[in-house]
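Chains as they are written, first to last, in the numbering used here: chain A, 1037 to 1282; chain B, 1188 to 1470.
By construction, these hints were calculated from the structure, which means they are not laboratory data. Please note: incorrect hints may appear among the correct ones.
Pairs of lysine-lysine, DSBU-like flavour, derived with a Cα cap of 35 Å [to be verified]: (1) A/K1196 / A/K1092; (2) A/K1111 / B/K1368; (3) A/K1108 / A/K1196; (4) A/K1108 / A/K1092; (5) A/K1043 / A/K1108; (6) B/K1368 / A/K1043; (7) B/K1410 / A/K1196; (8) A/K1111 / B/K1292; (9) B/K1292 / A/K1147; (10) A/K1109 / A/K1092; (11) B/K1368 / A/K1109; (12) A/K1147 / A/K1108; (13) A/K1213 / A/K1109; (14) A/K1092 / A/K1147; (15) A/K1196 / A/K1273; (16) A/K1109 / A/K1147; (17) A/K1213 / A/K1278; (18) A/K1196 / A/K1043; (19) A/K1213 / A/K1092; (20) A/K1043 / A/K1092; (21) A/K1108 / B/K1368; (22) A/K1278 / B/K1368; (23) A/K1213 / B/K1368; (24) A/K1196 / A/K1111; (25) B/K1292 / A/K1043; (26) B/K1368 / A/K1147; (27) A/K1108 / B/K1410; (28) A/K1092 / B/K1292; (29) A/K1196 / B/K1368; (30) A/K1092 / A/K1273; (31) A/K1109 / B/K1292; (32) A/K1092 / B/K1368; (33) A/K1092 / A/K1111; (34) A/K1273 / A/K1108; (35) A/K1043 / A/K1147.
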Amino acid sequence: MPEPIIKTIDLHKHFGQVQALRGIELEVMPGQVVVIIGPSGSGKSTLLRCINHLEKPTHGHVYIDGVDLEDKKTKINAVRAEIGMVFQLFNLFPHLTALQNITLAQQVVRKRRDAEREQIARDLLARVGIPEKADVYPGQLSGGQQQRVAIARALAMNPKIMLFDEPTSALDPEMIKEVLDVMLDLAQTGMTMVCVTHEMGFARAAANRIIFMDEGLIIEDTTPTELYTNPRHERTKLFLSKILQH
Amino acid sequence: MSATKEAAIVRPEIRSRKTFSQQMRDFPWWGVLLVASILLAFVAMLQSEQYRDALRFIVNPENTTEIGAGILIKTGIRVTLLVTVVSYVMALILGLILGVMRVSKNPILYHLSTLYVEVMRGVPMLVLILWIGFVVVPGLRDATDGRFELSRVQGGIIGLALGYAAYLAETYRAGIESIHKGQMEAARSLGMSYFEAMRYVILPQAIRRVVPPLANDFVAMLKDSALVSVVAVPEILQSARLYVSRTFRAFEGYNSAALLYLILTLLFIFLVRYIEGRWHVDA
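Extracted from the complex, chain A is given alone in its bound form (with noise of 0.2 Å):
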């Protein structure tokens, strides 16, 4: 029986007065492809960014690997080397360029050699399919483009687990589909992801698992198919008609 590669236990984070997790239970196999979706405020992304420690939670534990990042002898800077994350608005690097923003992190973090890194992020814009904008910086990028360099740097320290917080929600429609068909690719070489998205046409083609969060909770943890087809809660269902309406 493999072990989880992301595990919670009883995890609560409050921001103030705000509960934005009540308790998550939640174990990631690995390879598995898990796809987060919930209404608004449903503290998707916060259970994201708990899971790499962006956010330190109020109560409970993350496993990653086995390793408890709650634990003070934790590094979690190299716990975060193997957990790569793509933002909604992508955040690059603005003042470095495409292949810069790839080099940067591989330099610092894995003090890999000037060749040696630049290669990778040469294969990495070849395998995003922008190679020719290795020497543009974010700016001159569409925002497909920089997503696809953001998902390019994090795969360049060689993660384990990625983690996805909307990355199609800030992209014009023409672009969801670009960085849709690079996480695709991705899922199946059999990456862990977590994905916090609501593109259910990505959900349906690569994932193993969908999870409905409402109020802080899961409410809803099995298949996609099984989630369509015959959603068991009320909670579900509603939401459901209303993000499939259109």
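Given the coordinates of chain A, assemble chain B onto it according to the supplied hints.
For chain B alone, coordinates are given in the frame of chain A:
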């Protein structure tokens, strides 16, 4: 939408052009006017025997060199530039350290730097320079039996640098805080430590953003360097005061000093505009 696609459709003859009033707005007319006025004032001054005398004395108080190439080497202008540039570089470095401490989550670093900044900003620069010159420098000399004695110029430079570091720290802090928090999160999520993220991601962006206010502080410092004249450092203002006390020609002395300061700041401002134009990378 991508600008290139739209540009391909637009016919070249109807591409947008700046209006006349925009062109007038963007041309540095103020600079032309100022340079012309300075030249006029300079020529007018040189017509007068008294002004020629005052200028000659201020740029060359010891009368050791002929006016000419020697002006920048052994004169009040040289001392002013030396004091300004050296204090500024020291303040840039100390201010950066303090600015980074000011945004730190570590309570010791935060409170120490805040204490420094608030005290230094609250004390007049003049008092600070007097205090360094007449208390700290002699105190150090006596405590070390004369083995460690700073010159008046060195004392003045340190006073200015310590005072300005507080202002520059606040400039850096504002720059750091203006960088979107997503930048720090992205860097941390890649496994960088807080200081690595600061060093490679936050500061390079923050410092570019604060070049204009840092340049503003340099100009302010160029003029505040006149304050070190109170500890008898022979810079431009001190030379002017010496001239006035010898000749009782106050207008000639101080006007000449003002003209020299104006020329120096103006040269620097044009230099900064040039650098800003070439270094403009925005988030």
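* Asked: Looking back at the hints listed earlier, which ones does the structure fail to meet?
  -> Going through the list in order, the structure violates hints 7, 13, 27, 34 and respects the others.
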